[in-house]
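Novice: So the protein sequences, as listed, match chains W and G. First residue of the first sequence: 1, per our numbering; consecutive thereafter. First residue of the second sequence: 1001, per our numbering; consecutive thereafter.
Incorrect hints may have been included.
[Unchecked claim] Listed below are the simulated DMTMM-like cross-link pairs for lysine to aspartate or glutamate, each with C-alpha atoms no more than 25 Å apart in a straight line:
| # | chain 1 | residue 1 | chain 2 | residue 2 |
| --- | --- | --- | --- | --- |
| 1 | W | Lys148 | W | Glu102 |
| 2 | W | Lys160 | W | Glu82 |
| 3 | W | Lys19 | G | Glu1397 |
| 4 | W | Lys19 | W | Asp79 |
| 5 | W | Lys19 | W | Asp101 |
| 6 | W | Lys19 | G | Asp1517 |
| 7 | G | Lys1207 | G | Asp1186 |
| 8 | G | Lys1229 | G | Glu1297 |
| 9 | G | Lys1491 | G | Glu1501 |
| 10 | W | Lys148 | W | Glu135 |
| 11 | G | Lys1229 | G | Asp1115 |
| 12 | W | Lys19 | W | Glu82 |
| 13 | G | Lys1331 | W | Glu69 |
| 14 | G | Lys1454 | G | Asp1186 |
| 15 | W | Lys19 | G | Asp1002 |
| 16 | W | Lys160 | W | Asp98 |
| 17 | G | Lys1454 | G | Asp1517 |
| 18 | G | Lys1491 | G | Glu1368 |
| 19 | G | Lys1229 | G | Asp1320 |
| 20 | W | Lys103 | W | Glu135 |
| 21 | W | Lys160 | W | Glu69 |
| 22 | W | Lys19 | G | Asp1456 |
| 23 | W | Lys19 | W | Glu140 |
| 24 | G | Lys1331 | W | Glu102 |
| 25 | W | Lys19 | G | Glu1337 |
| 26 | W | Lys19 | W | Asp58 |
| 27 | W | Lys103 | W | Glu140 |
| 28 | G | Lys1331 | W | Asp22 |
| 29 | G | Lys1454 | G | Glu1530 |
| 30 | G | Lys1207 | G | Glu1145 |
| 31 | G | Lys1331 | W | Asp79 |
| 32 | G | Lys1331 | W | Glu82 |
| 33 | W | Lys19 | W | Glu151 |
| 34 | W | Lys19 | G | Glu1145 |
| 35 | G | Lys1229 | G | Glu1287 |
| 36 | G | Lys1331 | W | Glu151 |
| 37 | G | Lys1331 | W | Asp98 |
| 38 | W | Lys19 | W | Glu102 |
If you are wondering where the hints come from, they were derived from the structure by calculation, not from laboratory data.
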Amino acid sequence: MPRVVNVVFAGLGGQGVIKASDILADAACRAGLDVKKADVHGMSQRGGSVNSDVRFGDEVLSPMVPGGEADYLVVLAPDQVENARGALRQGGVLLAPDLIDEKSLPNRRSLNVALLGALSHHLSIADEHWRAAIEAALPERLRQVNFKAFEQGRAAARAKAA
Amino acid sequence: MDRTLLSGDEAVAQAAFDAGVALATGYPGTPSTEILERLSALGGRAQWAPNEKVAVEVGLGAAYAGARLLVTMKHVGVNVAADPLFTAAYTGVSGALVVVSADDPGMASSQNEQDNRRYAVAAGIPMLEPADSQEAYDFTLAAFELSERWRIPVFLRVTTRVCHSKSLVRPTRRISPPPPVAFQRDIPGRVMIPGYARPAHRRLRAKLAEIAAWTETSPLNVRRDGDRKLGIVTAGIAAMHCREAAPGASLLKLGTVYPLPIEAIRAFAGSVERCLVVEEGDPVLAEAIGAAGIAVESKPEMYRFGELDVQRVRRIVARDTSPEPPPPRAKPPELCEACPYHPVYRVLHQLDCIVAGDIGCYTLGVMEPYRAMDSCVAMGASMGVGLGLRHVLPEPEARRVVSIIGDSTFVHSGVSGLIEMVYNPPRTGHVVIVLDNGTTAMTGQQEHPATGRKLDHSATRQLSIEGLARALGVTQTHVVDPVADPGGFEKLLRERLAASELAVIVARSPCILAAADIRRFERAAAPAREALLAGGGCSACLEAGDA
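When you get a sec, could you build the whole thing from the sequences and use the hints?
Specialist: Given below as structure tokens:
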């Protein structure tokens, strides 16, 4: 693993971009790493673009991923893929919504967590930390649905890599 | 001690809670809003004021009594609160008054990117600036200590990235418990008639000189000696970008951005071959350091605009002034699909009204397809701007002018504009539309005096917007639901535009994002509200408000 891992999330207001980046940041924190996370609230709550940066490693300085230096780009809205692509470094991994079969998700609103599952395939954060972070972020009634979505996302990423 | 992932706002709230603040007050504004919400959730006493000026005045009174106080606002809120703040610097405080100024370089959600470090200099109020959540916690405690030690209000300046980025916090720093609260009369110290204010100004300057001397060795300013070829003087979040963009450089990171440790800066600048000042926003540090006769290089003018980041700092270090790549085209925000304001903007667009607008979600009425807003300047400005247009435009155009303002904004600073309308009515009359969606929607659905619920959603007396308009002498005061009766709204607006009278139309329909919460809060608040009304004497105006 490089010294700092850079993840950029992109989507639209209401899609759970911030929730997804919160879960990743929490999981990395639980794994004992230094973590920073940056997103811009405000006008974005009215259906505009939402981006969130998560960085973790030995020591993180700036909370924002420098443009073109993301190791992973997680996009929740198909129409934001082209717009967000510039965030990714050469050889970085794009995780787009078409990776997940939305119809087979127990709840379509879990797309954010399904994409986290796909991301988890590429990261070395232990399962227990992911589970604890999802539990901490979601009310009990939504947990099982999201655990399933997480597993489904991870399986999709594994299948794609195979 | 455990480490927790906190936003800068949450860290400020945690520190205020741990410092035992007697009260925290403010007005919602991105990126400061979450501080008071978090403090309330922690169990602290936090309340929304109608506007920032009132918040500072409440804070000042409590700090005169010896308590520890926190007052929060966004950068433009300091403009509203500036009047009491400048003189509060003269009177000082008996307890501690910390004022959070949450600046928004890059304007993620603001109408300008003013740099409030200028206020610290102009008012003579010390200012601390943290770079991450850990410092937000530590510097908030330091601000209380500074305020108590020198009996002076203190600014804590935070920026959008510090407020809203999350990083790890270990709350290990400790502060002494708050002192006991009691009133001590100090007429020459607090009654700022000229005879008392003249010596008060001298006392302020003497305090600032002492504080400046203290900053020279304060641990809030950190020097990291590295490569002697390049030394960077920086502050706030920019310090993080600098450490990443120029890892080998020597660095002087300033936590006290006013007053500055000028001699420490002089020594640092003298120890390096090239001394560069990297700061977000205006060249405030570079100007002050240059004025002290220290040769430093400031960033090129193009980096005054917008936020800094690692890439931009790399460019500043390289003196690169070539055009920057355009930012990715983001999808702009728009009115929610089911927003109750759609029918209002549809009619304003159809009637080709000249619309003096205001600050809130409804500013989005300027976007396609309506383009139904002709100005948006400052909180409450729709009222005066609409009246000014009415006063001078030729009659056919004057008759198309409408002022449009949200419920929370109206309470914040629209009321004095309404008084002006009654006092100096335009010849053609005027039409004010108050868009009342029952919440401060833009900043994330905060309560305000006209919702009848406090910050924690508990019941309190409810200000009636239409009752207030009537009491001020606006005879044509109407309440309509633009969603349930769009035709009625259009008919009413046409009539009022044709008449030469003063009219206030309250277009009332709940924010679609807040409606379910509002119902829930109201069910919980109803018994307490009934008790308030039963025990509160005359309730005629409250009943009138139900019209």
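Novice: Does each hint hold? Answer for all of them.
Specialist: Verification of the hints:
Our distance criterion of 25 Å between C-alpha atoms is met by W:Lys148 and W:Glu102, whose separation comes to about 13 Å. Restraint check for W:Lys160 and W:Glu82: the C-alpha separation of about 21 Å stays at or below 25 Å, so the hint holds. Annotation: proposed proximity of W:Lys19 to G:Glu1397 is violated, straight-line Cα distance about 49 Å (limit 25 Å). A threshold of 25 Å between alpha carbons decides the hint, and for W:Lys19 with W:Asp79 the separation of about 20 Å falls inside it, so the pair holds.
At most 25 Å may separate the alpha-carbon atoms for a hinted pair to count; W:Lys19 and W:Asp101 meet this at roughly 20 Å. A distance of roughly 20 Å separates the Cα atoms of W:Lys19 and G:Asp1517; the hinted pair therefore holds under the 25 Å criterion. A distance of roughly 18 Å separates the Cα atoms of G:Lys1207 and G:Asp1186; the hinted pair therefore holds under the 25 Å criterion. Restraint check for G:Lys1229 and G:Glu1297: satisfied, since their Cα atoms lie roughly 13 Å apart, inside the 25 Å limit.
The hinted pair formed by G:Lys1491 and G:Glu1501 meets the criterion: a straight-line CA distance of about 16 Å does not exceed 25 Å. The hinted pair formed by W:Lys148 and W:Glu135 meets the criterion: a straight-line CA distance of about 13 Å does not exceed 25 Å. Annotation: proposed proximity of G:Lys1229 to G:Asp1115 is violated, straight-line Cα distance about 30 Å (limit 25 Å). As the CA atoms of W:Lys19 and W:Glu82 are separated by approximately 22 Å, the hinted pair is consistent with the 25 Å bound.
Distance restraint check for G:Lys1331 and W:Glu69: the Cα-Cα separation of roughly 22 Å lies within the 25 Å cut-off, and the hinted pair is therefore satisfied. For a cut-off of 25 Å, the pair hint linking G:Lys1454 to G:Asp1186 is broken: about 33 Å separates their Cα positions. Note on W:Lys19 and G:Asp1002: the hinted pairing holds, with a Cα-Cα distance of about 23 Å set against a maximum of 25 Å. A hinted pair counts as satisfied when its Cα atoms are at most 25 Å apart, and W:Lys160 with W:Asp98 qualifies at roughly 12 Å.
Using a Cα cut-off of 25 Å, the hinted pair G:Lys1454 and G:Asp1517 holds, with the two alpha carbons roughly 14 Å apart. Of the supplied pair hints, the one linking G:Lys1491 and G:Glu1368 holds, its CA atoms being roughly 24 Å apart against a limit of 25 Å. Between G:Lys1229 and G:Asp1320 the alpha-carbon distance is near 18 Å, which keeps this suggested pair within the 25 Å criterion. For the proposed pair W:Lys103 and W:Glu135, the alpha carbon gap of about 24 Å is at most 25 Å, so the pair holds.
In summary, the hint linking W:Lys160 to W:Glu69 is supported, as the alpha carbons are separated by about 23 Å, within the 25 Å threshold. The hinted pair formed by W:Lys19 and G:Asp1456 meets the criterion: a straight-line CA distance of about 23 Å does not exceed 25 Å. Proximity of W:Lys19 to W:Glu140 is assessed by CA-CA distance (about 15 Å); at most 25 Å being required, the pair is judged to hold. Distance hint between G:Lys1331 and W:Glu102 is fulfilled; the C-alpha atoms sit about 23 Å from each other, no more than 25 Å.
At most 25 Å may separate the alpha-carbon atoms for a hinted pair to count; W:Lys19 and G:Glu1337 meet this at roughly 22 Å. The hinted pair formed by W:Lys19 and W:Asp58 meets the criterion: a straight-line CA distance of about 24 Å does not exceed 25 Å. Under the criterion of a C-alpha separation no larger than 25 Å, the hint pairing W:Lys103 with W:Glu140 is consistent with the structure, at around 23 Å. Of the supplied pair hints, the one linking G:Lys1331 and W:Asp22 holds, its CA atoms being roughly 22 Å apart against a limit of 25 Å.
Between G:Lys1454 and G:Glu1530 the CA atoms are separated by roughly 16 Å; this keeps the pair inside 25 Å, and the hint holds. Between G:Lys1207 and G:Glu1145 the alpha-carbon distance is near 14 Å, which keeps this suggested pair within the 25 Å criterion. Proposed proximity of G:Lys1331 and W:Asp79 is supported: the alpha carbons are some 10 Å apart, at most 25 Å. A threshold of 25 Å between alpha carbons decides the hint, and for G:Lys1331 with W:Glu82 the separation of about 12 Å falls inside it, so the pair holds.
For the proposed pair W:Lys19 and W:Glu151, the alpha carbon gap of about 17 Å is at most 25 Å, so the pair holds. With a C-alpha separation of about 36 Å, the suggested pairing of W:Lys19 with G:Glu1145 is violated against the 25 Å cut-off. Proximity of G:Lys1229 to G:Glu1287 is assessed by CA-CA distance (about 22 Å); at most 25 Å being required, the pair is judged to hold. With a CA separation close to 31 Å, the supplied pair G:Lys1331 and W:Glu151 exceeds the 25 Å bound.
For the given pair, G:Lys1331 sits about 20 Å from W:Asp98 by alpha-carbon distance, which is consistent with the 25 Å threshold. Restraint check for W:Lys19 and W:Glu102: the C-alpha separation of about 18 Å stays at or below 25 Å, so the hint holds.
The structure fails hints 3, 11, 14, 34, 36 (numbered hints given earlier, in ascending order).
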